[in-house]
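Chemist: Below are the chains, spelled out letter by letter.
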Amino acid sequence: MPQRTLRFKIHQDGRVEETVEGFTGNSCNKATKNLEEALGEVTVKNKSSDAFISNQNENLKHLNNESNVTF
Amino acid sequence: MSHFSTIKTQLKEAEPLIKALNHFGYSINQEEKFVKGYRGQFTAVDISMNLPGDTQVGFKWDNNSNAYELVTDLDLWKFEIPVERFISKVTQMYAYQTIISKTQEDGYQIVEQKNKNDGSIELVLTKWEN
Chain A
1 MPQRTLRFKI
11 HQDGRVEETV
21 EGFTGNSCNK
31 ATKNLEEALG
41 EVTVKNKSSD
51 AFISNQNENL
61 KHLNNESNVT
71 F
Chain B
1 MSHFSTIKTQ
11 LKEAEPLIKA
21 LNHFGYSINQ
31 EEKFVKGYRG
41 QFTAVDISMN
51 LPGDTQVGFK
61 WDNNSNAYEL
71 VTDLDLWKFE
81 IPVERFISKV
91 TQMYAYQTII
101 SKTQEDGYQI
111 VEQKNKNDGS
121 IELVLTKWEN
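Protein chains in written order, with the numbering used here: chain A, 1 to 71; chain B, 1 to 130.
Don't take every hint at face value.
Said to hold, decoys possible - Under the rule of at most 27 Å between Cα atoms (straight-line distance), these lysine-lysine pairs were calculated in the DSS-like manner:
id: 1; chain 1: B; residue 1: Lys36; chain 2: B; residue 2: Lys60
id: 2; chain 1: B; residue 1: Lys60; chain 2: A; residue 2: Lys30
id: 3; chain 1: B; residue 1: Lys36; chain 2: A; residue 2: Lys30
id: 4; chain 1: A; residue 1: Lys9; chain 2: B; residue 2: Lys19
Stated by the list, open to error - Derived DEER-like restraints, expressed as beta-carbon distance ranges:
id: 5; chain 1: A; residue 1: Asn29; chain 2: B; residue 2: Ala44; range: 34 to 40 Å
id: 6; chain 1: B; residue 1: Trp77; chain 2: A; residue 2: Gln3; range: 15 to 21 Å
id: 7; chain 1: A; residue 1: Gly25; chain 2: B; residue 2: Gln41; range: 53 to 59 Å
id: 8; chain 1: B; residue 1: Arg39; chain 2: A; residue 2: Val44; range: 43 to 49 Å
id: 9; chain 1: B; residue 1: Glu112; chain 2: A; residue 2: Val44; range: 22 to 28 Å
id: 10; chain 1: A; residue 1: Val44; chain 2: B; residue 2: Asn115; range: 38 to 44 Å
id: 11; chain 1: B; residue 1: Gln104; chain 2: A; residue 2: Lys47; range: 22 to 28 Å
id: 12; chain 1: B; residue 1: Glu129; chain 2: A; residue 2: Lys47; range: 48 to 54 Å
id: 13; chain 1: B; residue 1: Glu105; chain 2: A; residue 2: Val44; range: 24 to 30 Å
id: 14; chain 1: A; residue 1: Lys47; chain 2: B; residue 2: Val111; range: 23 to 29 Å
id: 15; chain 1: B; residue 1: Lys114; chain 2: A; residue 2: Gln3; range: 18 to 24 Å
id: 16; chain 1: A; residue 1: Thr43; chain 2: B; residue 2: Glu112; range: 37 to 43 Å
As the list claims (entries may be wrong) - From chain B, some residues computed to sit far from chain A (all C-beta separations above 10 Å):
id: 17; residue: Val83
id: 18; residue: Thr91
id: 19; residue: Tyr94
id: 20; residue: Ala95
Derived by calculation from the structure, the hints in this document are not laboratory data.
Each residue gets a CB set at the ideal place from its N, CA and C atoms; glycine is no exception.
Model the full assembly from the supplied sequences, consistent with the hints where possible.
Modeler: Below, the structure written as structure tokens:
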């Protein structure tokens, strides 16, 4: 049972940095699509390095997730 | 897969915008939806704030930007903070309210919330899924 994590940094000017972790395949895009549409315009979007790691490789995935934390 | 996004927040929905205004102690005038300006001109708005004194502030839906835009007469602006700062504060709180309501709909729970020294708000939400 994977844990989905959403991290947000909401700047004083309203700019939002969002990090989405713990999803497999394309489900992470689906998870935040509604939210991103309600918030405004996505200006930067980067897929992180664990995009191609399978479900089974939880340890490696966890490491990658940690390196993905930017704040 | 994971991703990292940066989003330029726009005031796209009325509900989180009204919640943001309420958060700062401003109530909404449901009856009179207009902003009165200098020389008594009226501009129709979609969301009108109840304010003491002459300052009148509202938000009007703009079809070009597809978002709500602030309407006020700057000659009558008597808030302690400049209008740009007011818009920033409302936009930040709008983003917060939108994130909270949309993620709760999806079953996420807040595990961490911090007000940082740089004025930003940090939020961490999680959900366990089969």
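Chemist: Is the hinted range of 22 to 28 Å satisfied by the C-beta distance from glutamate 112 of chain B to valine 44 of chain A?
Modeler: With a Cβ separation near 23 Å, glutamate 112 of chain B and valine 44 of chain A satisfy 22 to 28 Å, so the hint holds.
Chemist: Holds or violated: lysine 9 of chain A and lysine 19 of chain B, Cα atoms, limit 27 Å.
Modeler: 19 Å, holds
Chemist: Does the beta carbon distance between glutamate 129 of chain B and lysine 47 of chain A stay inside 48 to 54 Å, or does it fall outside?
Modeler: At 20 Å between Cβs, range violated.
Chemist: Within 22 to 28 Å: is that where the Cβ-Cβ distance between glutamine 104 of chain B and lysine 47 of chain A falls?
Modeler: 26 Å, holds
Chemist: With d taken as the least Cβ-Cβ distance between threonine 91 of chain B and chain A, does d exceed 10 Å?
Modeler: At about 3 Å from chain A, threonine 91 of chain B fails to clear the 10 Å cut-off, so the statement is violated.
Chemist: Would the hint linking lysine 36 of chain B and lysine 30 of chain A be met if the CA-CA limit is 27 Å?
Modeler: The hint is violated at about 43 Å.
Chemist: Return holds or violated for the Cβ distance of tryptophan 77 of chain B and glutamine 3 of chain A against the range 15 to 21 Å.
Modeler: Distance hint for tryptophan 77 of chain B, glutamine 3 of chain A is violated at roughly 47 Å.
Chemist: At the C-beta level, are arginine 39 of chain B and valine 44 of chain A separated by a distance inside 43 to 49 Å?
Modeler: 44 Å, holds
Chemist: Within 27 Å, alpha carbon to alpha carbon, are lysine 36 of chain B and lysine 60 of chain B?
Modeler: 13 Å, holds
Chemist: Quick one: are glycine 25 of chain A and glutamine 41 of chain B within 53 to 59 Å, going by C-beta?
Modeler: 55 Å, holds
Chemist: Range first: 38 to 44 Å. Now tell me if the beta carbons of valine 44 of chain A and asparagine 115 of chain B are that far apart.
Modeler: 24 Å, violated
Chemist: Is 37 to 43 Å respected by the C-beta to C-beta distance linking threonine 43 of chain A and glutamate 112 of chain B?
Modeler: 25 Å, violated
This entry does not satisfy hints 2, 3, 6, 10, 12, 16, 18, 19 and 20, going by the numbered hints stated previously.
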